[in-house]
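**Student:** Sequence:
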Amino acid sequence: MTQIKGSRELQEDVLKKGLCIDCGACVGLCPYFKSYRGTIGMIATCALAAGRCHAHCPKTEVDLGEITTGLMGKAYDGAPLGHYLSIAKARAGENIRGKGRFQNGGAVSALLALALKTGMIKAAALTGREGLVPTPVLATSEEDVFACATSKYTAAPTIASVNEYGRSGQDKLAVVGTPCQITAVAQAKLDPLKREDFRDPVVLTIGLLCTWAVDTRKFIPLISGRTEIGKVISMDVPPPPAAVMEIHTTDGSFSIPIEEIRNTVPEGCAICPDMTAELTDISVGAMEGDYTWNTLIVRTATGAALVQQAVSQGYLELIDMPAENLANLKQGAAGKKKRAIIKAREGGLLNTDPATGRAALRIEERVVERILAQS
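Residues 752 to 1126 in this note's numbering are what the sequence shown spells out, letter by letter.
To be clear, the hints were calculated from the coordinates, so they are not data collected in a lab.
Bear in mind that the values here come from a model prediction, so they are computed numbers and not experimental data.
Backbone N, C-alpha and C define an ideal beta-carbon position, used for all residues, glycine too.
The following label-pair restraints were derived from C-beta to C-beta distances:
#, residue 1, residue 2, range
1, D1002, G1099, 43 to 51 angstroms
2, E1010, G1099, 21 to 29 angstroms
3, A1074, R1121, 17 to 25 angstroms
4, G920, G882, 30 to 38 angstroms
5, E1097, K969, 18 to 26 angstroms
6, S985, D922, 26 to 34 angstroms
7, E845, P782, 46 to 54 angstroms
With the sequences and hints as input, model every part of the structure.
**Tutor:** So, in structure tokens, the structure goes:
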């Protein structure tokens, strides 16, 4: 049974244990939590026994069974890619291609541009950056979307802008985020505290495939030792066997061994079982072996309708996903699930007895065993 506690427990269970991934879910709900250069800090004490900061956090008492059933209407079964309707290769279509500098195929930017044009959404919660420091952005135009198009790879307080938008009383918001950020959004959408003033402004979620992010505080010194921060244009992590992160600057490009990058990854990433952002309308990632296309996973009727409209209006191109790519994607996602379960169990963070403590992650034991049995 999920336990909802307050800010003291959040600090004890997440901040002090180094599990925070700076998603921003606790920022802007109250005056007590702030994000600064890649870290969340609790700047004052709060007496609430149960708060949204704890209830929405993706690193404490996350019950994947409850969330998946409540949001998707289906049980969490531990399948590598989660529940979905279709998978394809995708890229920005002729009506959008060339308008901006995209990461890979530009599918996310194309979908958001169309959603804004048609009025499906009024704004999108995205991630920008100042230097190498990730920043929350509320995009309200095609140009705003294009400005945030490249991958950041840094843990980002993007969900703080969702909280800001919610306080403004506006609606029709899209959120683009990593699996952990989307988990926070999913928990918020289910109104765990059953508040009388609850309203959900989010009408579209697009998830980014992710295996880990980096801690900004550790990443900046690593990069600044090799180039001026202001010269960094973009970065990318090619699929195996490359084993490097590519940094693209105004002076050219260079690579950093992935083992050096792993030293900057927050502890919280190690217990995340979701590589493909399973709690979204649409998931998008790089296409292995072909960087001019994206992997696109449609999960809900909302996502399917938007993708169909994007194809019909020339905002998106789709072709079949090669069987080998799909097999590799499933294998990678299954591996992440298995590693996360093992790590969480070793740390006493999986299915902790409520009588003795609080869990970071809750999954039915029969599903846990199914995940562990996956090759």
